[in-house]
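**Q** Protein chains in written order, with my numbering: chain A, 1 to 121; chain B, 1 to 325.
It should be emphasised that the hints constitute simulated quantities derived from the structure, not laboratory data. Everything numeric in this text was worked out from a predicted model, so none of it was measured. Ideal Cβ placement from N, Cα and C applies to all residues, glycine included. Certain hints may be false.
Claimed, not checked - One-sided excerpt, in silico: chain B residues whose CB lies under 7 Å from chain A:
1. 36
2. 42
3. 300
4. 303
What the hints assert, rightly or not - Here are a few chain A residues that face chain B, going by a calculated C-beta distance under 7 Å:
5. 15
6. 16
7. 25
8. 28
9. 49
10. 89
11. 90
12. 93
13. 103
14. 108
15. 114
16. 116
As the list claims (entries may be wrong) - Straight line, CA to CA, 27 Å or less: simulated DSSO-like cross-link-like pairs of lysine-lysine:
17. 48(A) with 319(B)
18. 102(A) with 45(B)
19. 319(B) with 98(A)
20. 102(A) with 195(B)
21. 318(B) with 54(A)
22. 54(A) with 45(B)
23. 319(B) with 54(A)
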Amino acid sequence: MSDFLQNQRVIYADDSRVRHQGILTIKQEDHSLGNLVRHQLLENPRVKFSGYRKPHPLEEHVEIKVFLSIFLIPFQVQTNGEVAPPTAIIQAADQLYKMLQKLNESLLQQAQLFRGDVTML
Amino acid sequence: MYGMEQINTATGFANAKFGSSKGQGAKGFDEPEIRILELSKYVIKFELLNTDLSVANSLRRIIIAEVPTMAIDLVEVKENTSALHDEFIAHRLGLIPLQSFNVDQFNLSDQCACSSMCAQCSVQFKLHAVCSDRDQMEVNTRHIQPLSDAPIIPVQYVNDKGIEEDPILIMKLSKNQQLDMNLVARKGNGKIHAKWSPVATCQMRKEPIVEIDQDKINRDLDIEKRKEFVALCPREVFAFNDYRNAVEIENSDKCIQCIECLRFAQANNLERAVKIAEREDKFVFTVESTGVLTPEDIVSRALQILMRKLYELGTQMKKYGVNAD
Ligand code: SF4
Ligand SMILES: [Zn+2]
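Chain B on its own, in the form it takes in the complex (with noise of 0.2 Å):
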């Protein structure tokens, strides 16, 4: 199955790899492939092709928790009447997003240079707000002003038509009370906390396959049953074509596999006629950004750590020599 001079190519690595978990033969197989399906401001939804199970889920771990951002990680309270306490509010900052389109130039804390904090590695911010004149106020992200000319701010959610949304809430004062607080952001991952983490969402799922045999469920069934059967599915993967009295399939990718069908086939002697599967080369990842980073980049930069990962093991390794006896 495998040809020797397959090894050590990036093309015979495919062939390797992929030509054999399928059980193709040597010529019959694909490149790996991204296939971007959806884009806008928030989301991506695009298709992994001819890779395994271990590449998508590498990437859809390293997607939620290795993407570095920036957040709120310290917060300095110097006043605080409201009727929150302090760590209910700090914990409440640190989940806010901040735009980390610059994430780059920032240091992780512990490997900055500085005794404690600096320009390189932390963002300071101020939130002062004062209720005097009014019987309740809210304070959202437009309190927080940044001390610096970093371009680190809250993120401002954008709608589908391109007009501002309200600034994210934090809480509500009401009259007299007062709210003082330093801020400080930093750089960090989901591993560390999810506050960090770039997405609302990462989902990958492998694309279903459902098949039917038509002319045996529309012969060997009535035409209740053939709408009994297109009912019972719950995502409507079927459908009844009224002009033909048969069962269709409408839309295979809905399919959720609970089998349901399948098990109304075996009720009814039907066992071959509906086969559900998934495949097992292609998956579907759902990413959606939290408004830190825009979604293609969030996906582009979990490839780039990954591929530091290997490089970084590649290399590492190459100290340790060839010395096969």
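Isolated chain A, as found in the complex (with noise of 0.2 Å):
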């Protein structure tokens, strides 16, 4: 089981004090990905808190490993409301994927026209 969760690189673990809380581990990851996953679930009026760090700034480089934990406490809107954080968490990651893709796609659009047809290369 450990080795298991060794070779994963997402963790995801719920906090046996605080309920509807839980951290999430990323590993080989670091602002770029943590700063960008927070924000977004902290723009869930669920999400009661979420927050990142990076455990030692070098670690990056001894390991070539960066754990990140993200912590959150969704809280309960009182009723039917309700959402785990788990689930807020593939909230956040779908709705930056699908804003990333729609900038992707209009970068690509807008190039070609500014490109003409002059060969890219």
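Make one complex out of these two single chains by using the hints.
**A** Next comes the structure, spelled out in structure tokens:
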């Protein structure tokens, strides 16, 4: 089991002390993904807290691995509006994915117009 | 402020995310957008609109450090009788930009199935230069001979008129000096070493806002003071209109937020007449490629890398299920 976890890049664990709180660890990632996901989670009104840290700045250099933790505590919206932390993360990733996809499409479209029929290379 | 129906759809997300930070109503938002301002062979300038700092900064970081390219990584020195020592030359060779349009067909060397090196993860070159018949000779990127037909070759810069520039100078040899090396290029990214970074510049800035109360300034300041006000800005944001004898904003885009104008206004009891700020939802990017990839390709690849990361995060999270209690 621990072997299995060690090969995972994304590890999520519920926090046993606080309800609706979990810790997400993404290996080999840094602020680029951490800050993006943290920020997107905060946009979800049902997420109460979301933060990330890189435990040690040098870890990446020594092990070529970066551990990144995202803590989040979604709070319960009175009745049926509640959402579990994994769901919130999936939603955030999904929303960002869709946004970047749109940006990429429009970028390529515009670039083509700019380049005209001149070959790109 | 948040409507429940706005969650979990692409548009609803834009609503919740960007509408809220600017305090706009539910309807008053715009979709995130990229607008190319300039595009040339090596430089792209574009605006990223209606997102926030976290998106813009992630994009910047990925462009600099995580877009993979090819660079010379291993140098086997067979003969070096030049004035420069081996490591010095090897370092220079590493920094030579290699055309990486086909970088996707290669594996990272530590993820490749082979034990040390193969055609899937490396490209071999030969560098052989002898200075026998001259007093001095230049060794440049033309001396780097590919040993395979992989389309990874040193970048040949082309100027605005489409004319090839001189190849990149590596070093000089004087009479009877010789250089004989085997080079191996590998795939990597800027996180590992800056030589793999595809960009020379990746700059991001918020668009400045400069506002002046023209009536107030032109009423309360005499002409000399007005001219002084125009002259004090180091970036020539303001202009003095000789016909109207008035201060005008000429180019607010150039402002560097030095608040020199604000200080002047305060000293002259005109606190409210000058406003300096930055737009929080608009970022202007300038990305200058080293020639290894086209600039728009770099940005597009960076977006795709971010997308891949998020996709992986999303799918990996699904196995943890939705066990809300
Ligand atoms: S802040 Fe500085 S650069 Fe900007 S308008 Fe004022 S004086 Fe000019
Ligand atoms: Zn290999």
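**Q** None of the hints should be skipped; say for each whether it holds.
**A** Against the structure, the hints come out as follows:
1. A cut of 7 Å between beta carbons decides the hint on residue 36(B): the least distance to chain A is about 5 Å, and the hint holds.
2. A least Cβ separation of about 13 Å between residue 42(B) and chain A goes past the 7 Å threshold, and the interface hint is therefore violated.
3. Restraint check, residue 300(B) versus chain A: the minimum CB separation of about 6 Å is within 7 Å; hint holds.
4. At about 4 Å, the closest approach between the beta carbon of residue 303(B) and any beta carbon in chain A falls short of 7 Å, and the interface hint on this residue holds.
5. Hint on residue 15(A) is violated. Least Cβ distance to chain B is approximately 13 Å, over the 7 Å limit.
6. A distance limit of 7 Å between C-beta atoms decides the matter here; for residue 16(A) the minimum to chain B is near 13 Å, and the interface restraint is violated.
7. Nearest Cβ of chain B to the Cβ of residue 25(A): about 11 Å, over the 7 Å cut. The hint is violated.
8. Taken as an interface hint, residue 28(A) does not check out: its beta carbon lies about 9 Å from the nearest beta carbon of chain B, beyond 7 Å.
9. The interface hint given for residue 49(A) is broken, as the beta carbon of that residue sits about 16 Å from the closest beta carbon of chain B, more than 7 Å.
10. A distance limit of 7 Å between C-beta atoms decides the matter here; for residue 89(A) the minimum to chain B is near 5 Å, and the interface restraint holds.
11. Here the hint on residue 90(A) is kept, as its CB sits about 5 Å from the closest CB of chain B, short of 7 Å.
12. For the restraint placing residue 93(A) at the interface with chain B, the shortest Cβ-Cβ distance is roughly 4 Å, inside the 7 Å limit, so the hint holds.
13. Annotation: residue 103(A) was flagged as interfacial toward chain B, and the flag holds, the nearest CB pair being 5 Å apart, inside 7 Å.
14. Because the beta carbon of residue 108(A) sits about 6 Å from the nearest beta carbon in chain B, less than 7 Å, this interface hint is met.
15. Of the supplied interface hints, the one on residue 114(A) holds, with its beta-carbon coming within about 4 Å of a beta-carbon of chain B, less than 7 Å.
16. At about 10 Å, the closest approach between the beta carbon of residue 116(A) and any beta carbon in chain B exceeds 7 Å, and the interface hint on this residue is violated.
17. For the proposed pair residue 48(A) and residue 319(B), the alpha carbon gap of about 23 Å is at most 27 Å, so the pair holds.
18. A threshold of 27 Å between alpha carbons decides the hint, and for residue 102(A) with residue 45(B) the separation of about 18 Å falls inside it, so the pair holds.
19. For a cut-off of 27 Å, the pair hint linking residue 319(B) to residue 98(A) stands: about 21 Å separates their Cα positions.
20. Restraint check for residue 102(A) and residue 195(B): not satisfied, since their Cα atoms lie roughly 30 Å apart, outside the 27 Å limit.
21. Pair hint residue 318(B) plus residue 54(A) holds up; C-alpha atoms about 24 Å apart against a cutoff of 27 Å.
22. Taking the CA atoms of residue 54(A) and residue 45(B), the gap is about 32 Å. The hint is violated against a cut of 27 Å.
23. A threshold of 27 Å between alpha carbons decides the hint, and for residue 319(B) with residue 54(A) the separation of about 24 Å falls inside it, so the pair holds.
Checked against the numbered hints above, the structure breaks hints 2, 5, 6, 7, 8, 9, 16, 20 and 22 and satisfies the rest.
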